[in-house]
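Residues 0 to 316 in numbering that gives the first Met the number 0 are what the sequence shown spells out, letter by letter.
If you're looking for bench data, these hints aren't it; they were derived computationally from the structure.
Keep in mind that a hint or two might mislead.
[What the hints assert, rightly or not] Straight line, CA to CA, 27 Å or less: simulated BS3-like cross-link-like pairs of lysine-lysine:
#1 K89 with K161
#2 K89 with K246
#3 K91 with K161
#4 K116 with K276
#5 K90 with K241
#6 K246 with K91
Source: prediction; values computed, not measured.
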Amino acid sequence: MSNPPSILHCSNDLLSVVAFITPSTSTCTSRKRYTINSDINKKIIQIHGTSANEETIEDDTNNFFTSLFKGFNNDKQIIQQQPLETEEEKKKRLRLERLEEIEAGEVRRQLRVSEDKYVYLFILALQFLPLLGNERYLSILYFFGVAVSTVYLGGRQEVIDKPEQVSRDNALYAPVGASLAIGGLYMLLKNGIDITSFYAVIVTLFGALSISDIGVPILRNIFPNIDFSTAEIPVSEAVAEKLDLDKPALPLDGLLTLGFGILCSIVYWLPIAMENKFIVSNFIAWAIGLTSLGAISLGSYQTGAILLAGLVSIVYT
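With these hints in hand, go ahead and build the complete structure from the sequences.
Here you go:
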């Protein structure tokens, strides 16, 4: 007859049963939790649509390349949303930008003339020097004073557009071109063809335009209380259409200086002795010289030395 199981033996058997059952219970519980979590994720995707899925994917793939291509897509959408600019709108926009650029340049020129106002007054005073006499020292003072002051102002003046730069090769060939031009004029005069009148007409027309150009910053400094940036003179619709203007109006400062330049050209051509209109003649020549200095840039001292040497060689040839 076998002995009845002791309490310790029963306890060990119970622990074995519990140990055998517990893993199965844990596995079932884990599977149950996994099934519940999967159902919850499916419900979240069904409620939020693809946005929740995209956010999950974006978090998983949040790297440099994803951000880069996403930025490209955003830029592409912005470009597609912008309206296309018509040809007429483009022309109008470019014209307005050009007018703003011109006005900004005129402001710079006005400030520069204000800085050099005493040099301008010195040149103006020299124009009346011939009234004191024709002595040699007065002539030397006049020509050297005007020449040096004009070169100084020409080198400092502000321009609206970038001037054309003279290269070293152009400076080397400049005396050759000047010699050919002078030789051609000599041949025309030798054959009885007088082109001095034609030359004078061209020079005076160019002088009127030069006076109009350099006169704008001077006029703005003489009348600082007038807002020339907005001051305009109305014109007819026919004139505005012919000049391709945005509105039937022209700037006041440009018209005044152009009118003064034309007046100087008319006075130059009047049947008056040159001794009585020398100031007008000198003013036209000075305006042409100052405008030419602003339109051409030497670029370097070497180029200037080459041009000066060529000029001296032409004079003494």
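The hints, checked one at a time:
| no. | hint | in the structure |
| --- | --- | --- |
| 1 | K89 with K161 | 24 Å, holds |
| 2 | K89 with K246 | 17 Å, holds |
| 3 | K91 with K161 | 23 Å, holds |
| 4 | K116 with K276 | 25 Å, holds |
| 5 | K90 with K241 | 16 Å, holds |
| 6 | K246 with K91 | 11 Å, holds |
Of the numbered hints given earlier, the model fails none.
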